[in-house]
Amino acid sequence: MAEDQQKISKTTEEVDVVTIRFAGDSGDGMQLTGSQFTNNTAIVGNDLSTFPDYPSEIRAPAGSLAGVSSFQIQFGSQNIYTPGDTLDVLVAMNPAALKVHLKDLKINGLLLLNSVNYTPRNYKLAGWESNPLEDKTLKDYRVAEVNMSELVANSVKDLNLSPKVINRSANMFALGFLYYMYDRNLDSTIDFITAKFGKYPDLAEANRRSLKAGYNYAHTIKIIRTNYRIPKAKFKKGTYRNIMGNQAVSFGLVAAARKAGLELFYGGYPITPASDILHYLSGFKNFGVKTFQAEDEIAGVMSTIGAAYAGDLAITATSGPGMALKTEALGLAVSVELPMVIINVQRGGPSTGLPTKTEQSDLFQAVLGRNGEAPIPVVAAQTPAHCFDAAYEACRIALEHMIPVILLSDGYLGNGSEPWRIPEYKKLPEIKTHKKTDPEDFLPYRHDEKTLARPWVVPGTANMEYRVGGLEKSEGTGNVNYTPENHQLMTELRQRKLDIIADSFPPVVPFGNSSGELLILGWGSTFGAIRTAVENALAKGLSVGHVQLTHLNPFPKDLGEVLGKFKQILIPELNMGQLQTLIQGKFVVKTEGLHKMKGVPFTQSDIYNKMVEMLKGLA
Amino acid sequence: MNEVKTKPAALSKKDFISNQEVRWCPGCGDYAILSQVQKIMPELGVPRENIVVISGIGCSSRFPYYMNTYGFHGIHGRATALASGVKLTNPELSVWVITGDGDGLAIGGNHMIHLLRRNLDINILLFNNEIYGLTKGQYSPTSELGKVTKSSPFGSIDYPFNPPQLALGAAGTFIARGIDREQKHLQGLLKHAHTHTGTAFVEIYQNCLIFNNGVFSHLTEKEVKAENVLVLEHGKPMIFGKNEDKGLRLNGSHLEVIQLDGKTSHDHVLIHDETNKIQALLLSELTYLKDFPTPIGVFYHQDVETYDHMMIKQIDYAKEQKGEGNIEALFHEGYTWTV
Ligand code: SF4
Numbered sequence: 001m002a003e004d005q006q007k008i009s010k011t012t013e014e015v016d017v018v019t020i021r022f023a024g025d026s027g028d029g030m031q032l033t034g035s036q037f038t039n040n041t042a043i044v045g046n047d048l049s050t051f052p053d054y055p056s057e058i059r060a061p062a063g064s065l066a067g068v069s070s071f072q073i074q075f076g077s078q079n080i081y082t083p084g085d086t087l088d089v090l091v092a093m094n095p096a097a098l099k100v101h102l103k104d105l106k107i108n109g110l111l112l113l114n115s116v117n118y119t120p121r122n123y124k125l126a127g128w129e130s131n132p133l134e135d136k137t138l139k140d141y142r143v144a145e146v147n148m149s150e151l152v153a154n155s156v157k158d159l160n161l162s163p164k165v166i167n168r169s170a171n172m173f174a175l176g177f178l179y180y181m182y183d184r185n186l187d188s189t190i191d192f193i194t195a196k197f198g199k200y201p202d203l204a205e206a207n208r209r210s211l212k213a214g215y216n217y218a219h220t221i222k223i224i225r226t227n228y229r230i231p232k233a234k235f236k237k238g239t240y241r242n243i244m245g246n247q248a249v250s251f252g253l254v255a256a257a258r259k260a261g262l263e264l265f266y267g268g269y270p271i272t273p274a275s276d277i278l279h280y281l282s283g284f285k286n287f288g289v290k291t292f293q294a295e296d297e298i299a300g301v302m303s304t305i306g307a308a309y310a311g312d313l314a315i316t317a318t319s320g321p322g323m324a325l326k327t328e329a330l331g332l333a334v335s336v337e338l339p340m341v342i343i344n345v346q347r348g349g350p351s352t353g354l355p356t357k358t359e360q361s362d363l364f365q366a367v368l369g370r371n372g373e374a375p376i377p378v379v380a381a382q383t384p385a386h387c388f389d390a391a392y393e394a395c396r397i398a399l400e401h402m403i404p405v406i407l408l409s410d411g412y413l414g415n416g417s418e419p420w421r422i423p424e425y426k427k428l429p430e431i432k433t434h435k436k437t438d439p440e441d442f443l444p445y446r447h448d449e450k451t452l453a454r455p456w457v458v459p460g461t462a463n464m465e466y467r468v469g470g471l472e473k474s475e476g477t478g479n480v481n482y483t484p485e486n487h488q489l490m491t492e493l494r495q496r497k498l499d500i501i502a503d504s505f506p507p508v509v510p511f512g513n514s515s516g517e518l519l520i521l522g523w524g525s526t527f528g529a530i531r532t533a534v535e536n537a538l539a540k541g542l543s544v545g546h547v548q549l550t551h552l553n554p555f556p557k558d559l560g561e562v563l564g565k566f567k568q569i570l571i572p573e574l575n576m577g578q579l580q581t582l583i584q585g586k587f588v589v590k591t592e593g594l595h596k597m598k599g600v601p602f603t604q605s606d607i608y609n610k611m612v613e614m615l616k617g618l619a
Numbered sequence: 001m002n003e004v005k006t007k008p009a010a011l012s013k014k015d016f017i018s019n020q021e022v023r024w025c026p027g028c029g030d031y032a033i034l035s036q037v038q039k040i041m042p043e044l045g046v047p048r049e050n051i052v053v054i055s056g057i058g059c060s061s062r063f064p065y066y067m068n069t070y071g072f073h074g075i076h077g078r079a080t081a082l083a084s085g086v087k088l089t090n091p092e093l094s095v096w097v098i099t100g101d102g103d104g105l106a107i108g109g110n111h112m113i114h115l116l117r118r119n120l121d122i123n124i125l126l127f128n129n130e131i132y133g134l135t136k137g138q139y140s141p142t143s144e145l146g147k148v149t150k151s152s153p154f155g156s157i158d159y160p161f162n163p164p165q166l167a168l169g170a171a172g173t174f175i176a177r178g179i180d181r182e183q184k185h186l187q188g189l190l191k192h193a194h195t196h197t198g199t200a201f202v203e204i205y206q207n208c209l210i211f212n213n214g215v216f217s218h219l220t221e222k223e224v225k226a227e228n229v230l231v232l233e234h235g236k237p238m239i240f241g242k243n244e245d246k247g248l249r250l251n252g253s254h255l256e257v258i259q260l261d262g263k264t265s266h267d268h269v270l271i272h273d274e275t276n277k278i279q280a281l282l283l284s285e286l287t288y289l290k291d292f293p294t295p296i297g298v299f300y301h302q303d304v305e306t307y308d309h310m311m312i313k314q315i316d317y318a319k320e321q322k323g324e325g326n327i328e329a330l331f332h333e334g335y336t337w338t339v
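Just so you know, the sequences run in chain order A and B.
Taken in order, the first sequence gives residues 1 to 619; the numbers are from this note's numbering.
Taken in order, the second sequence gives residues 1 to 339; the numbers are from this note's numbering.
The hints are simulated quantities; they were obtained by calculation from the structure and are not laboratory data.
Watch out, some of these pointers could steer you wrong.
Cβ-Cβ distance ranges computed for the label pairs, FRET-style [to be verified]: (1) B:Tyr335 - A:Ala62: 24 to 34 Å; (2) B:Ile312 - A:Arg59: 31 to 41 Å; (3) B:Thr197 - A:Lys426: 39 to 49 Å; (4) A:Gly564 - B:Ile312: 49 to 59 Å.
Just so it is clear, the structure is predicted and the values come from calculations on it, not from any experiment.
Built from N, CA and C at the ideal position, the CB exists for glycine as well.
Pulled out of the complex, with its shape left as it was, chain B reads as follows (with noise of 0.2 Å):
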C-alpha cells in the first residue's frame, strides 16, 4: 500500500511575523523580545491558529499586531480577564498575555492576581521597563522611590511592587523572570512557561530608551552583569560572578552572599529548587535589596489543577449525572398545568 501522508510544511520564525510595521521606537527593548517569541513559537508544536495573543494597553501591548497569529488588543489593564474568557471557551487555545507594569500591575492589578490564584493554563508577559512609556514618562508602579519623572519633579513618594513577590502572593504556579537583552536564556524561559499547566507568569526586564534608559544596564553590560546577575537553574547551587567565585547560602531565614575562594566550601552554597516556596520568597526578596545579585530564571514552578481543567470536569460530571441538558424539559421542570 502506498499511503501518502502529507505532513503540514514545518513553520519557522517567519510564519509567525505578520505584515503589519513595527513602530516602537528604535532600539527599544520590545523589539528583541518580540523576536525571542516568533523564534520559539515554530518549536511549541502548537498549530498557529490555535495560538492567541492578547494585550492591554502600553507600548508593549501593541505586540498582538505583530504576530501573525490571532491576536486581542484590548483594554488597559483588562489582558487577563480577557485572556481568561478565551482560555475557557475554548480550552485547546495556547493564551499568551502581553502586558506591562503599568498596564500589568496598577490598571490591571486586580485581575492579574485573580488570574494567577485561580491558575488558568495561561501565559503572561509581563514587560517591565519600570516607567510609563506610552503616556511619556511618568513613574509606574515598579519605579523606585524617590524616582525623578515628569510626575514626580521631586521624585516619587511610591514603594515599588515586587513583582515576583506579588506572583507568588498571589498563589502564582510559576514564575519567573527574564531580560531583554538575554535572548537565548529569554527564550527557554519562554518554552518552560508554555510547558507549564497552569498560569505562567514571566517578569521580563525591558530596556525603555526614550523614558528610562539604562535603568537595567547594571545586569546587561557586559563588564558588570555576570556580578550582578544570578541565573537560576533547577538543581544547580547559586553562584555567580564573572569567576563564579560568589554563591548564595541560608544564614538563619535570610541569605547571605559568600566568597567561593577556597577557604568557603562550594558545599554550602543554595541549590535551587524551584519548587520549593520559601527559597522563592527569599530570592524574590533580592529584586531590591542592594548588594546582592539580580536573580533570573525560574523562581518558582509547582504544577496544581488548572481552573479550564476543572470547569471541564465540572461540566463533565454534570451531564453525567443529570444526562445532557434537555430544553423541554428545563421548561417544564415544577408544576405545569394544561389549558
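Okay, chain A solo, but in the shape it has when bound (with noise of 0.2 Å):
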C-alpha cells in the first residue's frame, strides 16, 4: 500500500535542541498540553525549560488577540538555561495565535494548524487581512495545516459526543502530532487522561483516541518526511523531577523550617504571579503549615510579624503593587528585629502594569523603598529550580541575624520549570535560630557578636516578659530611647548587621573568564539568557566572563574586587538600569547597561548581540 511505503521511507535524525511553542485560545488548553510535553520530556532524559504565557483576562472573548495562551519549551541533549528563543514549532490553535506568535518561528520551521478555525471570522478577528492560509504570508515555513477538529470527529463517531468536546479534545491531537515528530512514546499522558477523566469514560476515550490520531496522523503525511530524536542530556548524578519556581520556593520554606525546628506561618493576600506559593503551602498543612489568607496585603505582611513574635518562621508573599502596601511593616519588621521573609514575585509596573508578565523593575524597592534608614537583606532566585536554593537561603539568612530578609523571584521564574536536582533533605545546611529559654542575664535587645542577632524570646516564656515596638529603642534593654546618641548608635548597628551577613557568602567565582575584556554582571532571572550567551561567546573564542548575583543586599565582598579585573562590564536587566545604579554607587567603575523593558525576558541573542557590539574590533 502506498501509505505504507510512505511510512517506511521516513526516516529519523539526531539533533541537538528543540524549542517547541503551542499557542491557542485561552480555552485550547495549551498550558495542559504544554506541560504533557514537558513531563515526556522530562521521562526521555532532555534538559528542559519551560515558560507559560497567559492573558490576565480570566475570560477574553473568543479568538481574540488578548485570549491568546502560549506555553514555551526548549529541550536538548546540551545543558538548557532558557526556554529559547526563535521557535523550531509553532503550534497555532486559531489565527489569532498565529498573528501573536509567528514573529518567533524560524524561517522553514514547522508550522501546525488547526485549519477549522480559520475562518473569515476568526482570521479578520485577529486581524489578518486576508487568510493567511491562502495569502502569501506562510510561504517561508513548511506548514501542516490540519483540520484536526474533523479528524477527531472521525475518530471518536460511536462516542455521540458535542462538538464542544470534540473540538475541545484537538490540543491532544496536536501533542499527539508532536510527540510521533519527536518520537516519544504516549504511555505518559495516557496515564493523565486516564487519570484526569477517570469519571467520564467518554471523554477519556475521546481523549486517547485524539493523541493517537495525532500520532498516526504526523505519520502518514508527507510534510513530515523525518522525525527526531534528541539524546539524553548529561546531567550531574542524582535524582531528578521538574519542578516550577513557586514550587520550589514552597518546598524551600517548608524545608528551612523543619531544619530550623520551627513550623511554618504563612499570611498573604492573593496576587499575581505570586498566589500559587500560598496555593502550595495550604495544601502542606499536614507538615503542620500555617496559612492564613489575610484581608489585605498589610494584613498579612502584619500577622507575618505577628507570628515572627510568637515563634514561627514567618513567610508573606506577594507582587510589587502588593510589596508597595506592605512598606511601612517592612520599617517595623527592621525596627523590632524579627526573622521573617517577604518574598516579591515581581511583574511588570508601575502601578497594576502587567500582571502575568515578567520584569525585575523593583530591586530599588526591595533595596531602598522605606522611610527612614532600614537596612533589608535581598536575596534573588536565578532559575526556576534556584528558588528552592534561594528561598532556603533567605530563611537562614533571617533566621541567623533576626532580621527580615526580602527574596526577588518574578512571573517568568515563578510559573517557568526546569528539571531540579532533588537535594537529600538531611544535606541541607544547619539552620540555627536565636530562641532563648533561659531567664539569666536576659536582655531583649542585646545583640550577640557574630551575628548581631538579639535573643529570640517568644511569648509563653517564664520570666522574660518583655515589650518591643517600632519605637526607637536602646541597645541591651530595648527601651524607648529618643537620645540622640542612642539613635546613632541603633542605626549604625542596624546596617552593620546588614554587612556582616556578606561574611557567609561564598567567594564570587566568574563563569568563563574570570578576567580580561568584558564582565556580564547579572541578577536574577536574567540568568539563563546570559549564561547561553556566554557560552556561546566562549565557544566563539570571545574573552567574557558571567557574574550572576544571588545577594544584592549586602553585596558579595569580593565583588568590587572581580569587577576591577575587567576592562568593560555589562550589566543587562530587565530595568531601567537599577543594579547598574546600586553597582556605581557602590564601585568606582564604568558600566553599561542593557536594559529591556517588553514584560518578556531577555532571549540570548538580545545579550550576545551586544556582547559583541562592545567587544568590536578586539575578538
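Reconstruct the complex from the two isolated chains, following the hints.
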C-alpha cells in the first residue's frame, strides 16, 4: 500500500536542541498540552526549560488577540538554561495565535495549524486582512494545515460526543502529532488522561483517541519526512524531577522550617503571579503549615510579623503593588529585629502594570524602598529550580541574624519550570535560631557579637516578659529611647548587622574568563539568557566572564575586586538600570546597561549581540 | 509520703505593673483603664507569660509598655492583624488588643472588621475618646457631626461610626461597652471578655482631658449619670434613672422609654437577652439618640467556633489523613528520574 511505503520511507534524525511553542485560545488547553509535553520530555532524559504565557483576563473573548495563551519549551541534550528564543515548531490553534507568535518561528520552521478555526470571521478578528493560509504569509515555513477537529470527530464517531467536546480534544491531537515528530512514547499522557477523566469514560476515550489520531496522522503525511530523536542530556548524578519556581519556593520554605525546628506560618493576600505559593503551602497542612489568607496585603505582612514575634518561621509573599502596601510594616520588622521572609514575585509595573508579565523593576524598592534607614537583606532567585535554594538561603539569613529578608523572584521564574536535582534533606545546611528560654542575664536587645542577632524570646516563656515596638529603643534593654547618641548607635548597628551577613557568602567566581575584556553582571532570572549567550561567546573565542548575583544587599565582599579585573562591564536587566545604579554607587567602575521593558525575558541573542557590539574590533 | 507541692505564688496587681513611667497626660482616662486591666489580670488564671498585649498607634497604644506582660507596640491601625499572627502561632496565648477610635476605626477599620468576622479568640479594648489625641486634636470617626476641632474649624461634616453597631455588622460574637470612670463595672466586663471564646469587642468611653474634656460627662457625673446610663444585665429588666423609675420597652420595631410610676407595670419592660442579636441592634441604635439612655454592659454574646480552633482542627485532620508531613516524600512526589 502506498501509505505504508510512505511510512517506511521516513527517517529518524538526531538533533541537539529544539524549541516548541504551543499557542491557542485560552480555552484550547495549551497550558495542559505544554505541561504534558514537558513531563514526557523529562522522561526521555532531556534537559529542558519552560515558560507559560497566559492572558491576565480570565475569559478574554474567544478568538481575540488578548485571549491567546501559550506555552514554550526548549529541550535538548546539552545544558538548557532558557525556554529558547526562536521556534523550531509553532502550534497555532487559531489565527489569533498565529498573529501573535508567527514572528518567532524560524524560517523553514514547522507550523502546525488547526485549519477548522481559520474562518473569515476568526482571521479578521485576529487582524489578518486575508486568510493567512491562502495568501503568501506562510511561504517561508513548512505548514501542516490540519483539520484536527474533523479528524478527531471521525475517530470518535461511535461515542456520541458534542462538537464542543470534540473541539476541546484537538489539543491532544496536536500533542500526539508532536510526540510522533520527536519519537516519543504516549504512555505518560495516556496515564494522565485516564487519571484525569476517570469519572467520564467517554471523555477519556475521546482524548486518548485524539492523541493517537494525531500521532498516526503525523506518521502518514508527507510534510513530516523525518522525525527527530534528541539524545539524553548529561545530568549531574542524582534524582531529578521537574519543578516550577513558585513550587520550589514553597519546598524551600517547608524544608528550612523543618531544619530550624520551627513551624511555618504564611500570611498573605492573593496576587498574580505570587498566589501559587499560597496555594502550595495551604496544601501542606500535614507539615503543620499555617496559612492565613488575610484581608489585604498589609494584614498579610502584619500577621507575619506577629507570627515571627510568637516564634514561627514567618513568611509572606506578594508582587510589586502588594510590596508597596507592605512597605510601612517592613520598617517595623527592621525595627523589632524579628526573622521573616518577604517574597516579591515581580511583574511588570508601574501600578497594576502587566500582571502576568515578567520584569525586574522592583530591585530599588527591595533595597531602598522604606522610610528611615531600614536596611533589609535582598536575595534573588535565578532559575525555577534555584528558587528552592534562594528561599532556603533567605530563611537561613533571617533566622541566623534575626532580620527580615526580601526574596526576589519574578513571573518568569514563578511559572517557569525546569528539572530539579532533588537535594537530600539531611544534607541541607543546618539552620540555627536564637531562641532563648533562660532568664539569666536576659536583655531583649542585647546583640550577639558574631551575628548581631538579638535573642528570640517568644510569648509563653516564663520570667522573660518584654515589650517591643516601632519606636527607637536602647541597645540592651530595648526600652524606648530618643536620645541623639542612641539613635546614631542603633542606626549604625542595624547597618552593621546587614553588612556582616556578607561574611557567610561564598566567593564570587566568574564563569568563563575570570578577568579580561568583558564581564556580564546579572541578577535574578536573566541567568539563563546570559549564560547561554556567554557559552556561545566563549565557544567563539571571545574573552568574557559571567557573574550572576544571588545576594543584592549586601553585595558579596569580593565583588569589587572581581569587577576590577575586567575592562568592560555589561549589566543586562529587565528594568532601566537599577542594579547598574547600585553597583556604580558602591564601586568606582564604569558599566554599560542593557535594558528591556517588554514584559518578556531577554533572549540569548539580545545579550549576545550586545556583547559582540562591545567587543567589536577585539575578537 | 510527704509530697511537697509548690504552688506558684499567687500574682497580684503589682506583678502586672512594668517599670516604665506612664506618660499619659495627668487626669487622662487611660490611667483608670490601665489600673482596671492590671487589677483583673491576676484573677484570670492565666500565667503572666501567656499574656500578650498588642497595640497600634495613638495615646492608648502606649498601653503595652506599662504592662509587665509580653507586649507589642505596632504600627497605626494594624494591631488586630499583628495580634492575629500571634494568636495563630500560639493559640494558648491570651491576646489583648488595645486600640482607639482613630487606630481601630479609621486607619485600622478594615483589619478590625475582618478580625471580628473571623472570630479569633482575641480581646479588643477600643478606647473611644471621640478625638485624635496624639496628633493633637483633630476629629475622629466617632466625633459627632458638627464637631469643631483643629481640622474642622467650621464643624466636622463626617457622620460618626456607631462602634457596637459596626461590630454587630461585622459578625462580632461579643460586643460590650464600658466607661473609664465605672471601674467596678469595667472590671466585670474585662473578665467577661476574657472568658468569651472568640473575638471580644469592648468599647470603653474614655475622657481625653486635653482635647475633648467632658464629652462623656453626662454619663459620668454623679448628679446626672443615673438618668443617662442604662446598665445592661443579662436576664434583668432594662431599668434606669436615679429612682429606677424608667424602663425601655418595645413598641413595634422601636424602643421607647416608659415611666415606671405605678401605672405602667414592670412587666412591660424589656428583659435583656445578650444572645438576641436583633435586640442588640436596637440597643446599639441608642448610641447617638437623644432622649434615650446610653447602654453599657454586654450588648451581644454568642459562642461560635473560633478561627484558631478550626485551624488546629484542619491541621490535625490533614495529619490524620495524609500522615505527618515527610519532606523527602514531598520532594519526590510525581515523576522523578535518576541519573
Ligand atoms: S491627649 Fe488626651 S487621650 Fe492622649 S494622653 Fe492626653 S488626655 Fe489622654
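Evaluated hints:
1. B:Tyr335 - A:Ala62: 24 to 34 Å: With a Cβ separation near 33 Å, tyrosine 335 (chain B) and alanine 62 (chain A) satisfy 24 to 34 Å, so the hint holds.
2. B:Ile312 - A:Arg59: 31 to 41 Å: holds (38 Å)
3. B:Thr197 - A:Lys426: 39 to 49 Å: Roughly 42 Å apart at Cβ, these two residues keep to the hinted range, so it holds.
4. A:Gly564 - B:Ile312: 49 to 59 Å: holds (56 Å)
The structure shown violates none of the earlier numbered hints.
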